[in-house]
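Here is what each chain is made of, one letter per residue.
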Amino acid sequence: MTKTWNETLYDAWGQRHDIDKVYFEFDTGHQQLMIFHNALFGRVMVLDGVVQTTEKDEFIYHEMLTHVPILAHGKAKRVLIIGGGDGGILREVCRHQSIEHVTQVEIDKAVIDMAIEYLPNHSAGAYDDPRANIVIDDGCRFVAQCQEKFDVIISDSTDPIGPGEVLFTSQFYSDCKRCLNDGGIMVTQNGVVFMQLDEVKTTAQRMALTFSDVHFYSAAVPTYVGGIMTFAWSSDNKALRHVDADTIRERFKVSGIKTRYYNPDIHQASFCLPQYVLEAIGKTDNN
Amino acid sequence: MANLFSELVSNESIARAMVEQHGSPLMLLDCDKLASQYRQLVAALPGVRLYYAVKAFPHAAIVNTLNQLGAGFDIASTGEINLLRSEYVNPRSTIHTHPIKKDRDIRDALRFGCSTFVVDNHAELKKFRKYGSRVGLLLRVSFRSPDCAVDLSKKFGCQPDEVPDLLAEARSLGLHVKGLSFHVGSQSASSSAHVAAIDACRELIENAEVPLRILDIGGGFPVDYDNAGDLDIDSFCAPIRVALSRLPKDVEVFAEPGRYLIAPACACIVSVVGKAMRGDQPWYYLDDGVYGMFSGRIYDHARYPIHVYRNGPTRASALVGPTCDSIDVIEEALELPELEVGDLVIGLMMGAYTAATATTFNSLPVPRIVVFAEPARARVAYIS
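Protein sequence lines correspond, in order, to chains A and B. Heads up: the first sequence is residues 1 to 287, going by the numbering used here. Heads up: the second sequence is residues 1001 to 1384, going by the numbering used here.
The shape of chain A in the complex, shown without the other chains (with noise of 0.2 Å):
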């Protein structure tokens, strides 16, 4: 009989993967963390009962999750990334070569080395990168007492129920606004959004306690089923939203980034949500 693994995520419905080969197991009685092998996605990283991350499609959640707000930035120094213990952030920031600083946060320890054994193509040598600064540490007591300061804070968190549901607070929120530059942006990893209506809405409301602009941008990523996922993009400058086509091209052309999914047009389209989305975030159109 074939060995297969079903995400426990929906009730109703869900993806299920054969597994060709389980490389790492973990059960605290807390936590269950799996990494196996599927055919069609590679290497796959589960904790309880939900998919994490995949060799084969991660690239997209990487790359929307980083470049965008760095590139709409456009003079961004200094990134904190709060998670993303399997360094995909870390690589694709550490891509940039006009950032000077990148601090990432993570609580686990055993994550990052669980990764860079089972994982080494998400972080692809990004932890030796000279300009990261790894810190073990929960993220929302590292922001609430950081004294340094950001230009683009990325929380690559985990499901809002599980370990990652501190990540979705106003608190966290208004400490990573504290902790940002003037002109910063902070993005978060938001769920799929017609699967998980309510996190969005809950997620906009949040965050518009402390930030004067908040929206959403999009990317369908296979593994995290049900549609688009959403990322939450919040700062203070609505015009970090509606940088001009030639200039992002102008930035990312100069990056000398080569990317897989993100390219300028997909950066300006990603910002254009569904009407139910708009409904759900209360708003009537995109700008």
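Take the hints with a grain of salt, since some may be wrong.
[Claimed, not checked] Simulated pairs of lysine-lysine, DSS-like, Cα-Cα distance not exceeding 25 Å:
hint	chain 1	residue 1	chain 2	residue 2
1	B	Lys1055	B	Lys1102
2	B	Lys1055	B	Lys1155
3	A	Lys149	A	Lys238
4	A	Lys201	A	Lys283
5	B	Lys1127	B	Lys1102
6	A	Lys283	A	Lys177
7	B	Lys1130	A	Lys201
8	A	Lys201	B	Lys1102
9	B	Lys1130	A	Lys283
10	A	Lys149	A	Lys109
11	A	Lys201	B	Lys1127
12	A	Lys253	A	Lys238
13	B	Lys1127	B	Lys1155
14	A	Lys201	A	Lys238
15	B	Lys1126	A	Lys201
The set of hints was computed from the structure by calculation and includes no laboratory data.
Got chain A; can you put chain B on it based on the hints?
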């Protein structure tokens, strides 16, 4: 092959050896008996998915035995979830059946991967709004059954005529109600209450505007405390089978047996530690009582078959527990031969709502549990 507990009552040396090795009082758990109870109920209710009510006796060896047999689990708290998790139970084989939950309980269950929840009122439905497509709900309906030892339809369950309203509200909240559940009560005298409830639910399912594909018929499958014999569960379930056969063919049926599976799988050994004449009646003081393994005497209204290893003329005697409280009486006037200090007393049918509700009142420890794991003939016993 002889059953462990029938050997125990017929051969005092077995009980003596256990007490010698593990001390007194003791709870004995026979996993083979548990497995045979499970198989009997599966045979009596073909096609019905059984979810063991973990609350009846939350114990790792019980969960492990039933998990290997393919049972599901009915859970009601995060503590129970942690127990299942430690035994590697597939979360999709669990249903959370407590009709009233804190948000934390819901989140803990979802994080475990349990996504089926029971609700019976508007306020509870609203709690699920933010979890949308993550959850599937069962609506618990109340059918009063006065002939049950424990009537569970008083505290929980909506009235049948509230069902359409609750279904409509769930739909407007974007929630999926996937079926109905009921619990006629514990230790039913006959299955007529089950049959009436199944028939009533069939009507509700047929008239509902949304497909309801699950019917959870709860528990209430009785055991025979009086004779400690095997009650004929097949006869008890025969009318239930007939009622279930009338359901629409897409409906999947769940049940939540607790007592039936575990009660006969446990016995206890206690010791007489004191005796006195009070009036003209002998009182025997035991090293465990209603604050310990016999707690079901109070909470569960159960009277357990008692066995002693003496013969001779009997008289009405009191069996009481070791605490200082006067409510700590197991039997007020049980016909017993004369006992002596140091005698062993066996309690049978002690698995359900006994150790589960035991306390440490008077700072007395909860009795040790000796597990007889399969195969019983090897008598592989370990203390847990």
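Against the structure, the hints come out as follows:
{"no.": "1", "hint": "Lys1055(B) x Lys1102(B)", "result": "holds (18 Å)"}
{"no.": "2", "hint": "Lys1055(B) x Lys1155(B)", "result": "holds (17 Å)"}
{"no.": "3", "hint": "Lys149(A) x Lys238(A)", "result": "holds (20 Å)"}
{"no.": "4", "hint": "Lys201(A) x Lys283(A)", "result": "holds (11 Å)"}
{"no.": "5", "hint": "Lys1127(B) x Lys1102(B)", "result": "holds (9 Å)"}
{"no.": "6", "hint": "Lys283(A) x Lys177(A)", "result": "holds (23 Å)"}
{"no.": "7", "hint": "Lys1130(B) x Lys201(A)", "result": "holds (10 Å)"}
{"no.": "8", "hint": "Lys201(A) x Lys1102(B)", "result": "holds (22 Å)"}
{"no.": "9", "hint": "Lys1130(B) x Lys283(A)", "result": "holds (20 Å)"}
{"no.": "10", "hint": "Lys149(A) x Lys109(A)", "result": "holds (24 Å)"}
{"no.": "11", "hint": "Lys201(A) x Lys1127(B)", "result": "holds (16 Å)"}
{"no.": "12", "hint": "Lys253(A) x Lys238(A)", "result": "holds (24 Å)"}
{"no.": "13", "hint": "Lys1127(B) x Lys1155(B)", "result": "holds (19 Å)"}
{"no.": "14", "hint": "Lys201(A) x Lys238(A)", "result": "holds (19 Å)"}
{"no.": "15", "hint": "Lys1126(B) x Lys201(A)", "result": "holds (16 Å)"}
Of the hints listed earlier, there is not a single one the structure fails to meet.
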